[in-house]
Amino acid sequence: MKIALINENSQAAKNGIILAALKKVVEPMGHEVVNYGMYAADDAAQLTYVQNGILAAILLNSGAADYVITGCGTGEGAMLALNSFPGVICGHVEDPVDAYTFAHVNDGNAVALPFAKGFGWGGELNLEYIFEKLFGFGHGQGYPKERREPEQRNKIILDGVRANNFKPLIDCLKDLDPALVKGAVAGEHFSELFFPACKDQELADYVKTLLD
Numbered sequence: 002m003k004i005a006l007i008n009e010n011s012q013a014a015k016n017g018i019i020l021a022a023l024k025k026v027v028e029p030m031g032h033e034v035v036n037y038g039m040y041a042a043d044d045a046a047q048l049t050y051v052q053n054g055i056l057a058a059i060l061l062n063s064g065a066a067d068y069v070i071t072g073c074g075t076g077e078g079a080m081l082a083l084n085s086f087p088g089v090i091c092g093h094v095e096d097p098v099d100a101y102t103f104a105h106v107n108d109g110n111a112v113a114l115p116f117a118k119g120f121g122w123g124g125e126l127n128l129e130y131i132f133e134k135l136f137g138f139g140h141g142q143g144y145p146k147e148r149r150e151p152e153q154r155n156k157i158i159l160d161g162v163r164a165n166n167f168k169p170l171i172d173c174l175k176d177l178d179p180a181l182v183k184g185a186v187a188g189e190h191f192s193e194l195f196f197p198a199c200k201d202q203e204l205a206d207y208v209k210t211l212l213d
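So for the sequence shown, the numbering used here puts the first residue at 2; every next one is plus one.
No farther apart than 25 Å at their CA atoms in a straight line, the calculated lysine-lysine pairs in the BS3-like style are these:
no.	residue 1	residue 2
1	K156	K146
2	K168	K200
3	K15	K183
4	K200	K24
5	K200	K183
6	K118	K25
7	K15	K118
8	K183	K3
9	K183	K168
10	K24	K3
11	K118	K24
12	K200	K3
13	K209	K183
FYI, nobody ran anything at the bench for these hints, they're computed from the structure.
Please construct the entire structure, taking both the sequences and the accompanying hints into account.
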């Protein structure tokens, strides 16, 4: 699984801490971590939590990433932004129980974490425990186990509802302020990370027009 990390501007200084915890946990499991930044608070490309949603949607819908780890001060804004787009099911995760139950009950493809609220002594340990529960035990297996079948059925229903209610991502992007979308893909290493991994040529071609 290719796991993308995205940080917005208010918590960009923690990118290194989050990246280290994520890689420590998931790389021994065989997963790959790709860091889309922000890398530091003074990066030239400044991402808002709204742009986290745009970037996450581009990565997930194009196949450039299989999962997105993101967040903001509380995690709420990033979660709402990501869930505003098709092809993204983002959970708000504060602790390892949230991580485990989201993975097995809701079976989404992104999480938003609070990187300021409650992030103090031992904050990096909480991140490690979250990532262990999120990626170390599979997905969609239900919790508790006797609820597996109705939970899997509800996930299929949810996917159908979302497919009905959302238009294709490229149409969403074209209807947004071009400057907003362009800013979401303006990261220092975006092009070198995204284009070799992108599996959707139409989306890749559109993104290239934003970078010209």
